[in-house]
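Peer 1: This is what each chain is made of:
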Amino acid sequence: MNKQLALEDAARLIRDGQVITIGGTLCQRVPAAFVREIARQGVRDLELVKPSPGYDIDLLAAAGCVRRIRSGIVSLEQPYGMAPNFRRAVEEGRLEVIENACPTIMASLQAASFGVPFQPVAGLEGSDIPKVSGFGKVADPFTGKEVYVVPAIRPDWAIIHVNEADVRGNARIYGSPVWDRLMSRAAQRCILTTEKILPTEHFAAQPELTIIPEVFVEAVVLARGGAWPTSSYPEYDVDDDGMWNYLERLRAPEGLARYLEESKSHDRSGIEVAA
Amino acid sequence: MSSSYGPPEMMAVAMARLIRDGELVFVGVNSPLPLVAVSLARRLHAPSSTLLSIGGGINPTPNKLGPATSNARLSVGSASVFDNVDFYGLVARGGVDTTFLGLAQVDERARVNSSFIGERQRPAVRFPGGGGAAAILPLSRRVILWRASHSPRIFVKEVPFVTSAGNIARIVTPLCIFRKEKGQLVLDSLHPYVTRERLVESTGFAIKNLDGAPLTPPPTEGELAELMRVDPEGVRRVEFPARELSAA
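For the record, the sequence lines run as chains A and B.
With my numbering as the guide, the letters of the first sequence map in order to residues 447 to 721.
With my numbering as the guide, the letters of the second sequence map in order to residues 58 to 305.
Don't read these hints as lab results, they were simulated from the structure.
No residue lacks a Cβ here, since even glycine has one placed at the ideal position from N, Cα and C.
One should not assume that every hint holds.
To give an idea of the chain A side of the interface with chain B (calculated C-beta under 8 Å), a few residues [claimed, not checked]:
{"id": "1", "residue": "Cys473"}
{"id": "2", "residue": "Gln474"}
{"id": "3", "residue": "Ala485"}
{"id": "4", "residue": "Gly518"}
{"id": "5", "residue": "Gln524"}
{"id": "6", "residue": "Glu537"}
{"id": "7", "residue": "Leu702"}
{"id": "8", "residue": "Ala703"}
Only chain B is shown next, with the shape it has when bound in the complex (with noise of 0.2 Å):
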């Protein structure tokens, strides 16, 4: 294993993973880093699989992948448009296999917050909202969230208000993999940079199987060749605050 690589390369190759082939996979509005998974697992094991670009289009071909994820370019090559209206009524008649969405918090009971903390009406802190999760977490067969970040304020024991709630497959994260299990979070591996206290240091709740789970592959060769054909540029890096790409 030659080739260096950290977490924003780590992150993309683990989302991609998870893509199954010949699935339907939605990406939202804010996704820079699933934008890039999803076309990395279509040029690697899963080139059946389609993707549906909040930006519009249905396995769109742009000349270059951009951070923004609404935009309108990710329709170029699509052979239809496929708007806001046309996503949320699929997603309700249980027509999307994989979504990828983002969070503010998440607690040990894999409960999301992305809305605020405090008082509603004057909260001390307000986060973006959640989009679409609220119906379409219950809604999705699988939903895999992410965040480029990983502290106790992010990862907490309870959240205060939840946005959302549902099939949470897995939860991507620049330190390890988590999944749910019985209606808790477990840990499904951690990656092969970090230790197991630098994930306890970093987690607001008590990880029962800490010792047991296992360290998540490193990025082969071939995987971070393609990666750096599908995203030469480095969107993936795009999300990180400073802190996580230093600490790798």
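Looking at chain A on its own, in the form it has when it is part of the complex (with noise of 0.2 Å):
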């Protein structure tokens, strides 16, 4: 089955209100075009699940198209520091943090992923997060000891960029999968951006190497340099001058517009290339 859309059509499937989970991590291999667009389309109210957000969830709170986020830690890295956007959007009441631990997102996908309804956590003994964020707590039933719990999170949506997926929607990732293999497998559905389309024979001769299967896929965006300007090892790094681009563009009152539309071109082109 071909499951290859444009990325305008695939981002169509996000729905306004519906919960999103985003691979990568703070400003590694983001699927950074798929968010642009979310956000040139106008999506709205979306609660975003994600251990360590950065790139997107800056993005995003300047387009104002995310009402919650669960996060554990919400950086640019240096040099580039903490990610302005989402700190003014908190600061400001337009986007409400549900304070976790990156472990506790960890566990509540988890939990989805397995089909069971919460997940224990180790740690957080002294910590504020669990009475703030309403973690649960429960007697082991085998030893009575207590341990915090979480409840199953399972997103609508897992958008991830891979390195190379077929049209059926395996995908390999090189370097660290992140978070993205149990994203994969917490969400209802999986939307993947890729650098390149491969035939399948490429994934059967060493199906091992396969971190997403085609049976939670929805849609495959073919989307050359689509984590750009983040990573996408190791094929790209960061790149220092579109991110500073970035920071500069969105410090404007018209700053994200102008720069939705300068990176329209690269982001739509992928579709184009694979014709």
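Hints in hand, dock the two standalone chains.
Peer 2: Put into structure tokens, the structure is as follows:
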């Protein structure tokens, strides 16, 4: 089954008010072209569930697409520092943060991927996070010891940028898959953006290298350079000029619209390359 | 002692000295100084320690260190890819000796706030969040905190929100090293270029053993020479605000 879609069509799958999770971490292997397309289409009231967002939440916060976020850490990393548009949106009360630790989001996604209602989490003693974020504490039925638990969270969509995919949705990620293997199993359905589309035989030759199998995948988008200005190892590293340009552009009132317009042909060129 | 050094070199060396040979050491995101420190320790006194990088590598050998420690280049040279789920499983089962963690604020009772100041729904200040710290601080055998800045707004009497608390072994700053003793932060040592008056002015709580604490031994020629080899491009400086670099 051929699941290949153009970027614009795949982005239309995301509806107002849905819960999404986004692959990669901070400024590494973020499906950035897809994130910009969501912003161009003006999707509203999304909830983002992700242990370590960066470029993605900063842009989506600037565009007003996200109403609530569950995260452990939000940063663009050095030398760019804290995500300024995320920070502003939270401090102005436009974006609600449900405070988590990275492994509590991980556990919520694990529960969803295993089909169980909640998941115990180790640690958290002395932290105010369980109290403000509504985690539970239950007695282990076997030992009686108390343990923190978090609810299962099944995002409507996982959006993940990969190095290679076939049109059926089998995908390889080189370097660390970060959280993406888990995200693909936890979400209702998965949308892939990929640097390359290759024949299924390529994946069948070494199936153990396939991180995401086709059964989880709804759509595949050819997006060469689709993580830019974040990295896609080993093809390209974080684009330093691209990151500073992004931060500079968004300082101006009309900066976001201009930035989305300037990056549009780059983002939407993938399908043409395939044809 | 002829070589010059400043706060970045003092901090990198001080953090490297805290690593013990044979330990499994984790370096997470947003951690340029710890990455330099572990790389340095492995070239000096701790060659058998193991670096576990959030970039995915176990003792990776990238051709150069960069400021982004979540970069997948930090799996180059590693014989396996160790992803985030693997790490949080290992730390939860008690398998990590030492972890480096950053902080936005810390108080007298060694409680860390990396979340927010003010009302949760509309905070006066939003910080990045603690990452995995709330789980790691009680679970990693030792945690070394660091911050490349030292002011009364960072080192406070009482944090308004506790993101994380637990097994803090040391806190390394541009001015000093703190340790936790009976649930309180005390001065472990003062860096050689810092006066006790300056430390008092820069810290938001009273330091009980201010006069009794020793000076941090300055970096040796050997430590500095190896530091330049490990970090020729000065990744150790990237976290420092300008005022901390000029104040030494």
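Peer 1: Next, verify each hint and record whether it holds.
Peer 2: Verification of the hints:
1. The beta carbon of A:Cys473 is positioned within 8 Å of a beta carbon in chain B (closest approach about 7 Å), and the interface hint is therefore held.
2. Residue-level restraint check for A:Gln474 holds (minimum Cβ-Cβ distance to chain B is 5 Å; threshold 8 Å).
3. Annotation: A:Ala485 was flagged as interfacial toward chain B, and the flag is violated, the nearest CB pair being 21 Å apart, outside 8 Å.
4. Checking A:Gly518 against chain B by beta carbon gives a least distance of about 5 Å; that is within 8 Å, so the hint holds.
5. At about 4 Å, the closest approach between the beta carbon of A:Gln524 and any beta carbon in chain B falls short of 8 Å, and the interface hint on this residue holds.
6. Annotation: A:Glu537 was flagged as interfacial toward chain B, and the flag holds, the nearest CB pair being 5 Å apart, inside 8 Å.
7. Using the Cβ-Cβ criterion of 8 Å, the hint placing A:Leu702 at the interface with chain B is not satisfied: the shortest such distance is roughly 19 Å.
8. A cut of 8 Å between beta carbons decides the hint on A:Ala703: the least distance to chain B is about 24 Å, and the hint is violated.
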